[in-house]
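Colleague: Here is what each chain is made of, one letter per residue.
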Amino acid sequence: MANTPDDKTPSEATPSEGIPAPEGAANLIDTDYVIGQDNITANKFGLDVDLHGKVFTFSSIVILLFVILTLALQDQMEPIFNSMFSFLTTNLGWFFLLGANVFALLALVLIFTPLGKVRIGGADATPDFGYLGWFSMLFAAGMGIGLMFYGVAEPLGHYGTAMGGISVGENGVRTDWAPLGAAAGDQAAAIDLSMAATIFHWGIHPWGAYAIVGLSLAIFSFNKGLPLTMRSIFYPVLGERIWGWPGHVIDILAVFATLFGLTTSLGLGATQAAGGLEYLFGIPANDTTLVLLILGITLVALGSIMLGVDKGVQRLSQLNMMLAALLLGFVIIMGPTLMIATDVADNLVGYVTHLPALSMPFGREDANFSQGWTAFYWAWWIAWSPFVGMFIARISRGRTVREFLISVLLIPTLASVVWMTAFGTTAIDQVVNSGITEVQDAALELQLFTMLENLPLSAITSFIGIVLVIVFFVTSSDSGSLVIDSITAGGKVDAPKPQRIFWALIEGALAIALLLGGGLAALQTAALTTGLPFTLVLLVGCYAIVKGLMSEPRSGKPEPRKTKTV
Amino acid sequence: MFNTIMVPVDLAHIETLEPALAVTADMAKHHNARICYVGITAITPGSVARTPEEYEQKLDAFAQKRKEVHGQPVSVKVYASPDPVADLDDLLIKAIKEVQADLVVMATHPPRHLDTLIPSHGGKVATHTQASVFLVRPTDAQD
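Going line by line, the protein sequences match chains A and B.
Position 81, counted from 1, in the first sequence is what UniProt numbering calls 81; the numbers after and before it change by one each time, with no gaps.
Position 84, counted from 1, in the second sequence is what UniProt numbering calls 84; the numbers after and before it change by one each time, with no gaps.
Hints in this document: simulated from the structure, not taken from any laboratory.
Hints may be right or wrong, so weigh each one.
[Said to hold, decoys possible] A few chain B residues facing chain A, derived, Cβ under 10 Å: (1) M1; (2) N3; (3) A12; (4) E15; (5) P19; (6) A22; (7) V23; (8) A25; (9) A42; (10) I43; (11) T44; (12) S47; (13) E53; (14) D90; (15) G123; (16) R137.
[Stated by the list, open to error] Computed from the model, here is a short list of chain B residues facing chain A with C-beta under 8 Å: (17) H31; (18) A33; (19) G46; (20) P82; (21) P84; (22) P138.
[What the hints assert, rightly or not] Derived pair list, reagent style EDC-like, types lysine to aspartate or glutamate, alpha-carbon separation capped at 16 Å: (23) B:K124 x B:E68; (24) B:K65 x B:E18; (25) B:K29 x B:D90; (26) B:K67 x B:D102; (27) A:K497 x B:D89; (28) A:K311 x B:E18; (29) A:K311 x B:D90; (30) A:K117 x A:D441; (31) A:K497 x A:D50.
All figures in this text were calculated on a predicted structure; none of them were measured in a lab.
Ideal Cβ placement from N, Cα and C applies to all residues, glycine included.
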């Protein structure tokens, strides 16, 4: 605990004579609401509970009903979700694309404005976590697992469709899935386009959405003194009404998106890890393996929850960061090193060049790509944003807005560029130059392992890959439980520990039930549909950030106090 | 025998602290010791205070009120944590060193089966410090 904020020596311990001025200027919102005033506290069977009555009760009931319905009426429910979602991406795809552009642009612009000097938590606040631990947690929460899954699969997928060129159906509508105008038969152009499209989906836009949620929550909680729940960012719009039903609904929606997002990912991730284990050790990827995997992941997550953010999530995230760096370094060295090195720069240029066309919300001719890929991704990132954003907010006190945005927006984007280039280029090189087509032919979740098999030491690297997948899920389950607990406790982060354990167990149990009952895909679609309301929430967040930051004192470095008592 | 008595204080549950506060006052007067009230709070806004600084002010006001009762010198120290529930024990152990306490007086709950899984804070702290630790049960549990 070397980095707690109040790290003073005994002689500096606050003397009791005279009340000290608050550390650093901050601009609290004047409200009569007392955090936790709507909470129910009780002591049952020696266990303390401290919960927001309405948010906890309603979200629990909704979740329960939803799962029962999904399991019982699977055949009826799935088509409903599917048509709902395809309606959203087809008709409102432009809205997701436009929204994501707004988030990314605002986050980018804020870096360069004087507002970037505002410090989260007041002018004199000091960070709670070191750079490495902080960044590892940001990255693990934000993407982690996806990079493992899509690092090989997505560049290869886009490369294939881009090479295939444009095909038009009888009704004059494009039937191919290639990005933009494709690059029929032009290998170099196809590689360029496919890498740009991949990086586009893992670059500034997703991190922009996270940054908006994280920053608005952090400002309204740490600087404005409102509870750390989604409703707080609506204060500039709704005022005191956020303490009533409008606020409850926002929070319930956030619980819903977080829990279902996590559950489906836990289920799908277990499927991927099981696939990897079967591929590597011949352990059959049947229901028993899946259930055991989820139980194992949940158990480790419970241990991590008991240890808390500092010793649990932070250490696991750092471990994963190290393993990921190791795997990345290995692929770069063992893969086509020179090609990867030049491609990083080329892909960055390609990304920037194609960015305007790729992010254009209107008049797109590549509907399959822009709706099926981009809008789908955007809905997914935005649905995840309450979870990631709230977790990022919680660990970012003491950073300036500029520091926050550079670390949440630019550095992860660069990391994605390097990661996608290393894995994508290696895989494409195997297909194009070595004529190994098995990577392309493998199932999506196995493409990473197939690519690694064509490099030396594949038994070790594949194993590291599986460990990475599993640990990323542990940290997701852990930080997700923290987030859900704090939303359902009315923004309290010091609610009794058993409540977090409760949520971690619920996540595990739901994932198992849905995996065995077969409702995971339906639920994932349902979680994605929460992307629509949350796009609106995020747009409000944009307004709230600007409004909130404008009324904050700006100070890059803590200024020395004017009055100093000796 | 004792120079500095440390008392962990949770301003949100002040009523449960009464027995421990009474014991502290007696001990401090007997040994002519100073008392340091230690608070652990979240960095996020909570029910007691909206910033760690506000928490410190409230704890300080609390300490001054206690001083009127027992007349011994008082001081306060506040630790803010991103995860106070999980970090509580570690922070208390750190606080003992930093305020150089030789006696810790802590309120605790009666023993229960759950302690095997989630140990009481008092018990955990006692096993990790050189200072003497006095665990005070709630009065109704002593009947």
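Colleague: For a quick check of understanding: which of the numbered hints are violated here, in increasing order?
Modeller: 1, 2, 4, 5, 6, 7, 8, 15, 16, 17, 18, 22, 23, 25, 26, 28, 30
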